[in-house]
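Following the hints, position chain B against chain S.
Note that the protein sequences, when read in sequence, are chains S and B.
Using my numbering, the first residue of the first sequence is number 14, and each one after it goes up by one.
Using my numbering, the first residue of the second sequence is number 14, and each one after it goes up by one.
Just so you know, these hints were derived from the structure itself, not from any lab.
It cannot be assumed that every hint is accurate.
In this list, chains with the same sequence are indistinguishable; a pair is considered to hold if it fits within one copy or across any two.
[Said to hold, decoys possible] EDC-like cross-link-like pairs, simulated, lysine to aspartate or glutamate; straight-line CA separation at most 20 angstroms:
| id | residue 1 | residue 2 |
| --- | --- | --- |
| 1 | Lys191 | Asp154 |
| 2 | Lys22 | Asp36 |
| 3 | Lys191 | Asp102 |
| 4 | Lys186 | Asp154 |
| 5 | Lys186 | Glu268 |
| 6 | Lys191 | Asp161 |
Below, each chain spelled out in residue letters.
2 protein chains.
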Amino acid sequence: DAAAADQLKQLMADVAHEADVADLIEALDPEHRPIFIQLLGADFDFTALTELDENVRVQILEELPTETVVEGMRDLDSDDAVYILEDLDAEDRAEILDRLPVLDRAALLRSLDLPEESAGRRMQTDFIAVPAYWSVGQVIDYFRDAKDLPETFYEVFVIDPFYKLLGTLALDKLLRSKRQTRIEQILDSEVRRVAATEDQEEAARLFERYNLVSAPVVDENGRLVGVLTIDDIVDVIQEEAEEDIRALGGVGDEELSDRVPAIIRSRFPWLFFNMFTAFVAASVIGLFDGTIERMVALAVLMPIVASMGGNAGTQAMTVTVRALAAREISRRQAPRVLWREACVGLLNGGMLALMIGTVAGMWFSDLQLGAVIGVALIINMVVAGCFGVLIPLTLDRFKLDPAVASPVFLTTVTDVVGFFAFLGLAAWWFGIGF
Amino acid sequence: DAAAADQLKQLMADVAHEADVADLIEALDPEHRPIFIQLLGADFDFTALTELDENVRVQILEELPTETVVEGMRDLDSDDAVYILEDLDAEDRAEILDRLPVLDRAALLRSLDLPEESAGRRMQTDFIAVPAYWSVGQVIDYFRDAKDLPETFYEVFVIDPFYKLLGTLALDKLLRSKRQTRIEQILDSEVRRVAATEDQEEAARLFERYNLVSAPVVDENGRLVGVLTIDDIVDVIQEEAEEDIRALGGVGDEELSDRVPAIIRSRFPWLFFNMFTAFVAASVIGLFDGTIERMVALAVLMPIVASMGGNAGTQAMTVTVRALAAREISRRQAPRVLWREACVGLLNGGMLALMIGTVAGMWFSDLQLGAVIGVALIINMVVAGCFGVLIPLTLDRFKLDPAVASPVFLTTVTDVVGFFAFLGLAAWWFGIGF
Chain S
14 DAAAADQLKQ LMADVAHEAD VADLIEALDP EHRPIFIQLL GADFDFTALT ELDENVRVQI
74 LEELPTETVV EGMRDLDSDD AVYILEDLDA EDRAEILDRL PVLDRAALLR SLDLPEESAG
134 RRMQTDFIAV PAYWSVGQVI DYFRDAKDLP ETFYEVFVID PFYKLLGTLA LDKLLRSKRQ
194 TRIEQILDSE VRRVAATEDQ EEAARLFERY NLVSAPVVDE NGRLVGVLTI DDIVDVIQEE
254 AEEDIRALGG VGDEELSDRV PAIIRSRFPW LFFNMFTAFV AASVIGLFDG TIERMVALAV
314 LMPIVASMGG NAGTQAMTVT VRALAAREIS RRQAPRVLWR EACVGLLNGG MLALMIGTVA
374 GMWFSDLQLG AVIGVALIIN MVVAGCFGVL IPLTLDRFKL DPAVASPVFL TTVTDVVGFF
434 AFLGLAAWWF GIGF
Chain B
14 DAAAADQLKQ LMADVAHEAD VADLIEALDP EHRPIFIQLL GADFDFTALT ELDENVRVQI
74 LEELPTETVV EGMRDLDSDD AVYILEDLDA EDRAEILDRL PVLDRAALLR SLDLPEESAG
134 RRMQTDFIAV PAYWSVGQVI DYFRDAKDLP ETFYEVFVID PFYKLLGTLA LDKLLRSKRQ
194 TRIEQILDSE VRRVAATEDQ EEAARLFERY NLVSAPVVDE NGRLVGVLTI DDIVDVIQEE
254 AEEDIRALGG VGDEELSDRV PAIIRSRFPW LFFNMFTAFV AASVIGLFDG TIERMVALAV
314 LMPIVASMGG NAGTQAMTVT VRALAAREIS RRQAPRVLWR EACVGLLNGG MLALMIGTVA
374 GMWFSDLQLG AVIGVALIIN MVVAGCFGVL IPLTLDRFKL DPAVASPVFL TTVTDVVGFF
434 AFLGLAAWWF GIGF
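Isolated chain S (complex conformation) (with noise of 0.2 angstroms):
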């Protein structure tokens, strides 16, 4: 088999990027997968599985032997180390932390410590910090000597005798500076700085919309305990636009490579609830039985309604759930939106409100028929087009994520109102009681 390992090993020696080496992983059938990194020892760079599907990474965790997992993960950066071990069960997260050096198990343990999804977890806590009395001499020669540095790094951390932050210094402005400058004289002491327990979500906000590359965090007393930078945070951004996605689609985090059963976890639940809504809105149609059964056209067209409602609302909610995300909406705008929306609402309807009025009218050669059609359907976009804002908004307000439950809210308000609105004013238009 060493013949094997070394084939292996000069092959994959092209494959220079762990997302490659990811991919390679991916496209393995699940049982070589942990023999694959076994084979390729120590040149099997572990940052790669930072780049699997949780699943992968989890099943290939679990079966490769703890020696092999701790050997490779003292060589992780502890950003890479920590998502890694968060996903672990606290049996199998405990075994490789007690073999790992007892430095990077503190670290790795203050970050496990902190809430999930908060920027502490993302952070790398291996950066450098300098004293501000330093010459920017001293620190190009600190560069040249020091054997431990990160790997890359775009800032220098300024820094008094306490760990407190005293400012960054970018690398670009170090090699415009004489040697003999004080640190203190062109340090930027205005850094934007990020609490170890705030949410990545956050994070991620402060990153966008000053374009930093990297930001320093900071415990709770202003002391510097680690950085996080850009290729952290884009991760981040993408998965909170894809939770929105998935929120709106009424999946959970499901992955490609989920089974059956894990699919059917993260998608009944959203099923069931619509089961309501869907009940809800037939008993609305079944007060008006007596009316249908005389009047078989109101059945045909009645979807029409409530379909159209439906499609306007969730272009409404669209746009609110959006905007919400960005924090583009504050209450005080609220009432303008809303008013927005009430007249596109009405505008978009009234053409609707022709169209198919004037084709429903001529199908059943009933234009009364295609009046009431018409009106019940701008009653409806019209209310579509409102609560399309007011389920989002009510739902932040009481800090309930409004992309997970406004679409099934809004199902059954379109419904409700497009069945009520229609099959009503019909009853009551042509006199057939209910």
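Same frame as chain S, but now just chain B:
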């Protein structure tokens, strides 16, 4: 007015960052925005305009005197200048370009000649390039003496005399090397480069995959023409995710500052196409009007079958659309994914059929009716799951955007199959024909 301007400048001295200035501008009345900028005069950083909504930016640029705009554009980074110019109409754009210094104009025109949404549109043409035979000391001395360096940079490019890119050199590597080291000894020649004409989305994928902070942009001859940095890419990543959410929700690229006519233009087309879907579904119901007339419970229950199918289909579609966007799904995997969705549809459908069938059967005191709705539900949910995968894959193969067109097609399928399966099955089982 000079006093007012002075006062304003003093106030604004505290608002350091352009993102904050942009927020301030958006909070002003539209007619006050150009006045505010003119009062600030040379103290106003035009970069703030890139942080505004497109509508707000275009309105301001149209109202500002051309000389103010030209003055402001002089100090901008080239990528920000392109960002501002590309939204203007050809006439305004030409007027501004004409008055810019000849070198800036040439660089801007070259970027503007590239296709919209290409990497070249987002690149910065101001970068640092050094020859390979220089030493580390020479490069550092060059930084200390040069006056017109870009504002921030993370790496130095190494070129040959014909501006062909030989490699890159990260600043931290430069800082760690001895002064006498030659650049050619430490440059990184395995650079991931971006073609200027490449789609910005492709460039973003490269940044994400390889955790890049900046990347060189080359022309068709491999010559270095610019640099892409992560802050521009973060915007691209966000825009792309945003586009998918909006497309799935049936809205175009409308902004919160849009007025009613613009919103109607953005939303009416989707509603219009959905109207045809609604009529197709209605005509399926129309086939069974005789059946409904004799058994009005069918009209009450039929929306349940259609809407549960629609929801299940939306779940499968959402996952598929996102997998396509992330390039996670290949044609090779399609049969496996399809089979999995069919299983999920069968199992979720089975559970819901049991519940819905029981409730419906008891509601109308007709257990056979409960069985019929259960079977129709299972059929529709299996079909919905499969089409939720097939529709986006097919659109993608024909180079159409799956996020834009999938929802309409999917609704058509789930409505038609839902109504047809339920009403058809009922007509056959209860022997109440067409």
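ask   = Which numbered hints are broken by the structure, listed smallest first?
value = 3 and 5
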